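J.: These protein sequence lines are chains A and B, in that order.
The first sequence begins at 1 in the working numbering and counts up by one.
The second sequence begins at 315 in the working numbering and counts up by one.
Simulated from the structure, these hints should not be mistaken for lab results.
It cannot be assumed that every hint is accurate.
[To be verified] Where chain A lies over chain B, by a calculated footprint (3+ residues, C-beta under 8 angstroms): (1) 359-367; (2) 560-574; (3) 621-628.
Keep in mind that this is a model prediction, so the values were computed, not measured.
The C-beta atom is built at its ideal place from N, Cα and C for all residues, glycine as well.
There are 2 protein chains.
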Amino acid sequence: MRLPSIDDIIAAHKRIKPFIHRTPVMSSHLLNDMFGCELFFKCENFQKVGAFKFRGATNAVLSLTDDQKKLGVVTHSSGNHAAALAKAAKMNGVNANIVMPETAPVVKKNAVQGFGAKITFCKPTLQAREETTRMIMDQTGATLVHPYDNFNVICGQGTAALELTDEVKDLQIIIAPIGGGGLMSGTSTTIKGLKKDIQVIGAEPFNANDAYRSFYSGSIVPSDNPKTVCDGLLTSLSNLTFAIIRGNVDSILTAREETIIECMLLIWERMKIIVEPSSATVLAIVRENPGLFRNKRVGLIISGGNVDFRKLPF
Amino acid sequence: MRLPSIDDIIAAHKRIKPFIHRTPVMSSHLLNDMFGCELFFKCENFQKVGAFKFRGATNAVLSLTDDQKKLGVVTHSSGNHAAALAKAAKMNGVNANIVMPETAPVVKKNAVQGFGAKITFCKPTLQAREETTRMIMDQTGATLVHPYDNFNVICGQGTAALELTDEVKDLQIIIAPIGGGGLMSGTSTTIKGLKKDIQVIGAEPFNANDAYRSFYSGSIVPSDNPKTVCDGLLTSLSNLTFAIIRGNVDSILTAREETIIECMLLIWERMKIIVEPSSATVLAIVRENPGLFRNKRVGLIISGGNVDFRKLPF
Numbered sequence: 001m002r003l004p005s006i007d008d009i010i011a012a013h014k015r016i017k018p019f020i021h022r023t024p025v026m027s028s029h030l031l032n033d034m035f036g037c038e039l040f041f042k043c044e045n046f047q048k049v050g051a052f053k054f055r056g057a058t059n060a061v062l063s064l065t066d067d068q069k070k071l072g073v074v075t076h077s078s079g080n081h082a083a084a085l086a087k088a089a090k091m092n093g094v095n096a097n098i099v100m101p102e103t104a105p106v107v108k109k110n111a112v113q114g115f116g117a118k119i120t121f122c123k124p125t126l127q128a129r130e131e132t133t134r135m136i137m138d139q140t141g142a143t144l145v146h147p148y149d150n151f152n153v154i155c156g157q158g159t160a161a162l163e164l165t166d167e168v169k170d171l172q173i174i175i176a177p178i179g180g181g182g183l184m185s186g187t188s189t190t191i192k193g194l195k196k197d198i199q200v201i202g203a204e205p206f207n208a209n210d211a212y213r214s215f216y217s218g219s220i221v222p223s224d225n226p227k228t229v230c231d232g233l234l235t236s237l238s239n240l241t242f243a244i245i246r247g248n249v250d251s252i253l254t255a256r257e258e259t260i261i262e263c264m265l266l267i268w269e270r271m272k273i274i275v276e277p278s279s280a281t282v283l284a285i286v287r288e289n290p291g292l293f294r295n296k297r298v299g300l301i302i303s304g305g306n307v308d309f310r311k312l313p314f
Numbered sequence: 315m316r317l318p319s320i321d322d323i324i325a326a327h328k329r330i331k332p333f334i335h336r337t338p339v340m341s342s343h344l345l346n347d348m349f350g351c352e353l354f355f356k357c358e359n360f361q362k363v364g365a366f367k368f369r370g371a372t373n374a375v376l377s378l379t380d381d382q383k384k385l386g387v388v389t390h391s392s393g394n395h396a397a398a399l400a401k402a403a404k405m406n407g408v409n410a411n412i413v414m415p416e417t418a419p420v421v422k423k424n425a426v427q428g429f430g431a432k433i434t435f436c437k438p439t440l441q442a443r444e445e446t447t448r449m450i451m452d453q454t455g456a457t458l459v460h461p462y463d464n465f466n467v468i469c470g471q472g473t474a475a476l477e478l479t480d481e482v483k484d485l486q487i488i489i490a491p492i493g494g495g496g497l498m499s500g501t502s503t504t505i506k507g508l509k510k511d512i513q514v515i516g517a518e519p520f521n522a523n524d525a526y527r528s529f530y531s532g533s534i535v536p537s538d539n540p541k542t543v544c545d546g547l548l549t550s551l552s553n554l555t556f557a558i559i560r561g562n563v564d565s566i567l568t569a570r571e572e573t574i575i576e577c578m579l580l581i582w583e584r585m586k587i588i589v590e591p592s593s594a595t596v597l598a599i600v601r602e603n604p605g606l607f608r609n610k611r612v613g614l615i616i617s618g619g620n621v622d623f624r625k626l627p628f
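Excised from the complex, chain A in its bound form:
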C-alpha cells in the first residue's frame, strides 16, 4: 500500500490548479475575540461544486489514462464527492456514473444531474453502495474513483492545506473534519511533510466517532448507521486513510451535536458565509476545548457549503 508524500501533493496541486478555485482564507475579529485565539478559515465552501471534494475528484480524473477516460468513471457518495466527480468528469469529456443513497439531500441530487452524470439510486447502506458500484464497473468497464480510499483523491484533498499554509504563516494547529478520512489524510500528509511542528487535529461528531475509536484502539471500527446532523461524516475509514491518519495525525477530538449546530449558526451569523454542518465540527472542537487553543494560530478547513435550506437544524 503506497502512501502519498508531500511531493505527490505538490504534483497534484500543479495538475489541478488550472481547474480549481484558489479559495479565500477568512477571519473574523468577533469569533477571534469570542474564542480567544486566531482562527483562519480555509473556505472550501467557495470551491467549485461547493466542497473540497472537487480537488480530489479533479486530480483523479486528470490522472486517468486515455483508455480509462473512454470507459468513464463511477463512484458512490452521499453527495459532495458525487457532484465533484460529475463536474470534473464533464470538464474533461469523461462519462460519470454516480451511485447515490435514496436519502441524499435534494440539492445534491440536482447538482449531480445538472452535470449530466448518470445516477443510480440504492439503499443508504455501505454494502448496498458497494454492490451497486461493482455492478456498474462490471457492466461498463468504468474506473472506480472512491470518495476517499483512493491515492489520487487523497493527494487532491491535501492541496487545500497546501494553499492555507502558503497563505498563513506560523500556524500552530490545523483542524479538519474526518468522515472517511480523505481530507484528513491529505491535510495531515501536507502538514507533516512541510512543517512537522504544526499540530494536526481531526474533528468528528461524538455521535459518529468511529475514527476517534479507530485511532485510539489501533484498528478500524466501522461506522454503524450514526445519528448526526453531519451528513458528510457518516462513512468509515479505509485501510489507506487509517494508515495515513495513524502516522500523521496528533489527535482526534469529538464534539456534541448541540455544539456543532451552535457553531454552524455562529459562522452563518457572524461570518455571513454558508457552511454545511460537517464543516462546523472544526469550530465545535475549539468551542468545547478552549484551553487547547487559547492564544494559538489555528487553521480550520471548512469542507463545504451544500445545505438543504428547507431542513436547517436551527
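Got chain A; can you put chain B on it based on the hints?
T.: Structure of chain B alone, referenced to chain A:
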C-alpha cells in the same frame, strides 16, 4: 441644501478607511452563465455589523465636534443603521441612543444591545419613530444621525461604489437597492462624479415602489406601510436623497417578491454567502430584465447579510 460631491466622498473614504473593512468583490461563473452577463458583487454583507450602513455611521461619528461627541448620538432605524451607529459610537467612546420599532428582527435587537447602546422601542410607524427620537434629543442634547437624510451618512455610503470602481474596471452598469435612498445617493454621486458613462440603476421591490413613483412623478411619494420581504427597504425618500437621486440616477426598476426571494436563494445556494432580502433586489432586477444587461459588466451593491434564520422566506 448642500449636495455631496465626489470630493466629499473621497474625503469620507480617507476618514473611515482605518475603521471599516474593505469588502471583497465576488463573482460566480454559474450566475454569469445563467444571466448572460458579468456580475460583480460588492459584498457589504461582509462589512462590520453585516451591512454597508457602518460606512455612513462611521463617517457621521468621526465628523462630530468634540462637544457633540460628549452629548452622544441618537437615531431611529429598522435595524442595520442602528447596529452600525451603536458600533461606530462605541469605537469612538460616544454614547448611542437607538429608537427601534417593536417589530425589528431579534438578531438586529441583539446586535444593538451587544454594542452597549440604549434602545427605546416605539410603534412601527415613521411618525412614532420621529417623535420618540425628538424626545430623546430634547432630553439629552444628542446629535441626530438620521439613517439616510444626512450629508455625512450619504458620503460614507458612497465609499462602497468608490472601492468597487477602483477594483473592477470598465463597469457599464451599477445597481443598488433604494430604501430611504442613502446608499443610492452615495453610490450615484460617486459614479457620476467619477465615470459619467456608467449607468446607475436603483432597485426597489414592486410592493414598496415609493422611490420609483417619486422618481417618475417628480415629487416625493411617501411609503405607506408596504408589504415586502425586504425589511431594509420600507422607508421613504427624504428631500436630500430625492434631490441627489433625481440628479444622478438613470432609472429605477422594481422587482416582484417572488423574484427577490428566488434571487436570494440563488445567491445563498450558488455563492455560499448570506445576503438579506433587500440585497437580493439588485439581482432580481437583472433576472426580470435580461435584455438590459446581456453581455454587460454589471456592478451590484450587496447591502447586507443580517437575516433572522428562523423566519426565512423560502
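J.: Hint by hint, say whether it matches the structure.
T.: These are the hints, each one checked on the structure:
1. Interface restraint, the stretch 359-367 of chain B with chain A: holds (3 residues with C-beta to C-beta distance below 8 angstroms; minimum three).
2. Counting residues of the stretch 560-574 of chain B whose beta carbon lies closer than 8 angstroms to any beta carbon of chain A gives 0, which falls below the threshold of three, so the coverage claim is violated.
3. Under a criterion of three residues with beta carbons nearer than 8 angstroms to beta carbons of chain A, the stated coverage of the stretch 621-628 of chain B is upheld, 4 such residues being counted.
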